[in-house]
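Protein chains in written order, with the numbering used here: chain A, 154 to 216; chain B, 4 to 216.
The hints are simulated quantities; they were obtained by calculation from the structure and are not laboratory data. We put the beta carbon where it would ideally sit given N, CA and C, even for glycine. Mixed in with the good hints, there may be bad ones.
Covered stretches of chain A (chain B as the covering partner; in silico rule of three or more C-beta atoms under 8 Å from a C-beta of chain B) [stated by the list, open to error]: (1) 154 to 168; (2) 199 to 212.
For each label pair, taking beta carbons as the anchor points, the in silico distance ranges come out as [unchecked claim]: (3) 197(A) to 74(B): 39 to 45 Å; (4) 160(A) to 97(B): 31 to 37 Å; (5) 156(A) to 200(B): 31 to 37 Å; (6) 133(B) to 176(A): 30 to 36 Å; (7) 167(A) to 164(B): 34 to 40 Å; (8) 198(B) to 176(A): 49 to 55 Å; (9) 203(A) to 144(B): 32 to 38 Å; (10) 156(B) to 174(A): 23 to 29 Å; (11) 37(B) to 184(A): 29 to 35 Å.
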Amino acid sequence: MKESLLDIVCCPLDKHDLDLEVTEREAGEDGEITAGTLTCTDCGETYPIEDGIPNLLPPDMRE
Amino acid sequence: MPEAPEGGDAHEADTTETRDALAERRGLDAPVYAPAEDSGLLAGAAVEHARGVTLEVGTGSGWVADRVRTEGDATRVIGSDVNPHACERAHDRGVEAIRGDLLGPFRDGALDTVLFNPPYLPTDPDNEWDDWQEVALSGGESGRDLIEPFLDDLARALAPDGVALLLVSSLAGFADVVEYAVARGLHAETVAEESYPFETLSILALRHRTDRE
Numbered sequence: 154m155k156e157s158l159l160d161i162v163c164c165p166l167d168k169h170d171l172d173l174e175v176t177e178r179e180a181g182e183d184g185e186i187t188a189g190t191l192t193c194t195d196c197g198e199t200y201p202i203e204d205g206i207p208n209l210l211p212p213d214m215r216e
Numbered sequence: 004m005p006e007a008p009e010g011g012d013a014h015e016a017d018t019t020e021t022r023d024a025l026a027e028r029r030g031l032d033a034p035v036y037a038p039a040e041d042s043g044l045l046a047g048a049a050v051e052h053a054r055g056v057t058l059e060v061g062t063g064s065g066w067v068a069d070r071v072r073t074e075g076d077a078t079r080v081i082g083s084d085v086n087p088h089a090c091e092r093a094h095d096r097g098v099e100a101i102r103g104d105l106l107g108p109f110r111d112g113a114l115d116t117v118l119f120n121p122p123y124l125p126t127d128p129d130n131e132w133d134d135w136q137e138v139a140l141s142g143g144e145s146g147r148d149l150i151e152p153f154l155d156d157l158a159r160a161l162a163p164d165g166v167a168l169l170l171v172s173s174l175a176g177f178a179d180v181v182e183y184a185v186a187r188g189l190h191a192e193t194v195a196e197e198s199y200p201f202e203t204l205s206i207l208a209l210r211h212r213t214d215r216e
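Use the sequences and the hints to build the structure in full.
As C-alpha cells, this is what we get:
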C-alpha cells in the first residue's frame, strides 16, 4: 500500500485515524509498504499489512 | 552467443515451477468472481463517469477497477474485497487493494466515485454453499443482503459532489433498491441498462440529494 492511502482509510470500528508502522518497504522514495501494522489512534485495534495489502476487516470478520 | 540452448530450457522450467509455486501459494485457482456481462456494463459506465478518488467495492479479480485505471479519468483507483484471493488478484493487476467490508474502512466524504457490482442472486438460506464463490454471488433471500448495508453507509463515505454507480439486477428488485436509496437521502438515476433472457441489468447513479429536490 501507498502511505497516502492513510488520507482515505480509517478504523472500520470507530472511523478514527490510523497510525502506520512500517516493517518492510520497497526501495525508492515512493516505495510501496509491503509489510506493517495500522493501529487505531482511538481504540488501539491493530490491522496488519501483508504483501502490500492492508487487512481492514473488523476483527470479528477475520478468519 | 548470449544463451546456450540448455540454459534456455532450464530457464523455462524454472519459470513454470515458479509460476506453479506462486499459483499454489497465492491460491490463484481459488474462486474469485470472473468478469461477466454485468462487469462489462459497469466498466463502461465507470470509465465514462469516474472522477477523483475512485473505489470499487467487491472488486473481485480487479478487472473493472483496472479498466477505469487505464481508460478513465479517475486520479486514483482502489479496489476492496472481503476475499483475500480477490485482493491479491487485483493487487497483481496493479490496482491498489484493501481487504475490507463494504465502505467500513473509508473516511467520511473520502470517495469521489464508488463502483459496486454486488452479489445479488436471491438464494435459499437452507441451500447455501458457504465458500468464496457464494460470497461473490449470493444476495441472501431478497438478493439485497449486501446492497442495503452498502446504501446505509454510502452517504457517509461519499464526497459532497461524489457519485456511486451501483449495478442493479431485476432479480434483486429494481424498484425496491431505488426506494431504499431514496429513503437514505440519495438521488437515483439510471445511466445504463441492458436486458438479458432472465434479468435486466441497470447501472444506478446515486448522488447526495440537494435541498432543491
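Honestly, do residue 37(B) and residue 184(A) meet the 29 to 35 Å range at C-beta? holds, 32 Å
Do residue 203(A) and residue 144(B) keep their Cβ atoms within the hinted range of 32 to 38 Å? Because 35 Å falls inside the window, the suggested range holds.
Supplied distance hint 31 to 37 Å, evaluated on CB atoms of residue 156(A) and residue 200(B): Violated, at about 48 Å.
Can you take a look at whether the stretch 154 to 168 of chain A is actually covered by chain B? Rule is 3+ residues, C-beta closer than 8 Å. Since three or more residues must qualify, the claim that chain B covers the stretch 154 to 168 of chain A holds, with 10 doing so at under 8 Å.
Would you say the C-beta atoms of residue 167(A) and residue 164(B) sit inside 34 to 40 Å of each other? violated, 27 Å
Counting residues of the stretch 199 to 212 of chain A that have a beta-carbon nearer than 8 Å to any beta-carbon of chain B, does the count reach 3? holds (count 8)
Is the distance from the Cβ of residue 133(B) to the Cβ of residue 176(A) consistent with 30 to 36 Å? Given about 34 Å between the Cβ atoms, the range holds.
Distance restraint hint 39 to 45 Å, applied to the beta-carbon atoms of residue 197(A) and residue 74(B): Taking Cβ atoms as reference, residue 197(A) and residue 74(B) lie about 42 Å apart, which means the hint holds.
Quick check: does the Cβ-Cβ distance between residue 198(B) and residue 176(A) fall within 49 to 55 Å? Since residue 198(B) and residue 176(A) have Cβ atoms about 51 Å apart, the given range 49 to 55 Å holds.
C-beta pair residue 156(B), residue 174(A): status relative to the range 23 to 29 Å that was hinted: holds, 28 Å
Taking 31 to 37 Å as the hint, is the beta-carbon distance of residue 160(A) and residue 97(B) inside that range? Violated, at about 20 Å.
Against the hints set out earlier in the document, violations occur for numbers 4, 5, 7.
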